[in-house]
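Student: Sequence:
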Amino acid sequence: MVGMIREMPSGHGFADIVFLPLPSSGKPALVVELKYEQSADAAIRQIKERHYTQALEGYTGDILLIGVNYSKDDRGKTHSCVIERLRPEMQT
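Heads up, the sequence shown is in my numbering, so the first residue is 8 and it goes up one at a time.
The set of hints was computed from the structure by calculation and includes no laboratory data. Among the hints, a few may not be true.
[Stated by the list, open to error] Now the in silico label distances, taken between C-beta atoms and shown as ranges:
hint: 1; residue 1: R82; residue 2: P30; range: 37 to 45 Å
hint: 2; residue 1: S31; residue 2: T85; range: 36 to 44 Å
hint: 3; residue 1: F26; residue 2: R57; range: 17 to 25 Å
hint: 4; residue 1: G83; residue 2: G33; range: 36 to 44 Å
hint: 5; residue 1: G65; residue 2: Y43; range: 30 to 38 Å
hint: 6; residue 1: I90; residue 2: L29; range: 32 to 40 Å
hint: 7; residue 1: P28; residue 2: Q61; range: 26 to 34 Å
hint: 8; residue 1: H58; residue 2: R82; range: 31 to 39 Å
hint: 9; residue 1: L29; residue 2: T85; range: 16 to 24 Å
hint: 10; residue 1: S32; residue 2: R82; range: 36 to 44 Å
hint: 11; residue 1: R52; residue 2: S31; range: 26 to 34 Å
hint: 12; residue 1: P30; residue 2: D81; range: 41 to 49 Å
hint: 13; residue 1: R94; residue 2: R57; range: 25 to 33 Å
[Stated by the list, open to error] Once the Cα atoms are required to be at most 25 Å apart in a straight line, the calculated PhoX-like pairs of lysine-lysine come out as:
hint: 14; residue 1: K55; residue 2: K42
hint: 15; residue 1: K79; residue 2: K42
hint: 16; residue 1: K84; residue 2: K42
hint: 17; residue 1: K55; residue 2: K34
Just so we're clear, the structure is a prediction, and the values are computed from it rather than from any experiment. Idealized CB from N, CA, C, for every residue including glycine.
Build out the structure end to end from the sequences listed, making use of the hints.
Tutor: This is the structure in structure tokens:
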């Protein structure tokens, strides 16, 4: 079972989506930032610069930072995704 929070306040803004696993699951928490016509790297930068992981202070497992960008071009809709693992010893 996983809890999902949309627009979770943390640091200097709101993470688009945060998934919190049950403590006994051994699964990582997810912090997801969505962008349109930008870049997945920009989404990861925003998670870090605005300290979205501060809301997970005290969480002892890994946290996955997920940046997703959606774009539309002549060929149709495309997306890109970047995933970074933040280990407990690296969390601030």
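Student: Against this structure, judge whether each hint is valid.
Tutor: Hint check:
1. Remark: the range hint 37 to 45 Å for R82 to P30 is upheld by a beta-carbon distance near 44 Å.
2. Between S31 and T85, the C-beta spacing of about 38 Å keeps the proposed range 36 to 44 Å intact.
3. The hint said 17 to 25 Å for the Cβ distance between F26 and R57, and at roughly 18 Å that hint holds.
4. Judged by the Cβ atoms, the range 36 to 44 Å given for G83 and G33 holds: they are separated by roughly 38 Å.
5. The supplied range of 30 to 38 Å is met by G65 and Y43, whose beta-carbon atoms lie about 33 Å from each other.
6. At roughly 21 Å, the beta carbons of I90 and L29 sit outside the given window of 32 to 40 Å.
7. At about 18 Å, the CB distance of P28 to Q61 disagrees with the hint of 26 to 34 Å.
8. For the hinted restraint 31 to 39 Å between H58 and R82, the CB-CB distance of approximately 37 Å keeps it satisfied.
9. A hinted range of 16 to 24 Å for the beta carbons of L29 and T85 is inconsistent with their spacing of about 34 Å.
10. Judged by the Cβ atoms, the range 36 to 44 Å given for S32 and R82 holds: they are separated by roughly 39 Å.
11. At roughly 33 Å, the beta carbons of R52 and S31 sit within the given window of 26 to 34 Å.
12. Range check, P30 to D81: about 47 Å between beta-carbon atoms, so the 41 to 49 Å window is met.
13. Taken as a hint, the range 25 to 33 Å is violated for the pair R94 and R57, whose Cβ atoms sit roughly 20 Å apart.
14. Between K55 and K42 the CA atoms are separated by roughly 15 Å; this keeps the pair inside 25 Å, and the hint holds.
15. A C-alpha spacing of about 12 Å is found between K79 and K42, which places the hinted pair at or below 25 Å, so the restraint holds.
16. The suggested pairing of K84 with K42 holds, with an alpha-carbon distance near 13 Å, which does not exceed 25 Å.
17. For the hint linking K55 to K34, the alpha-carbon distance of about 21 Å falls within 25 Å, and the restraint holds.
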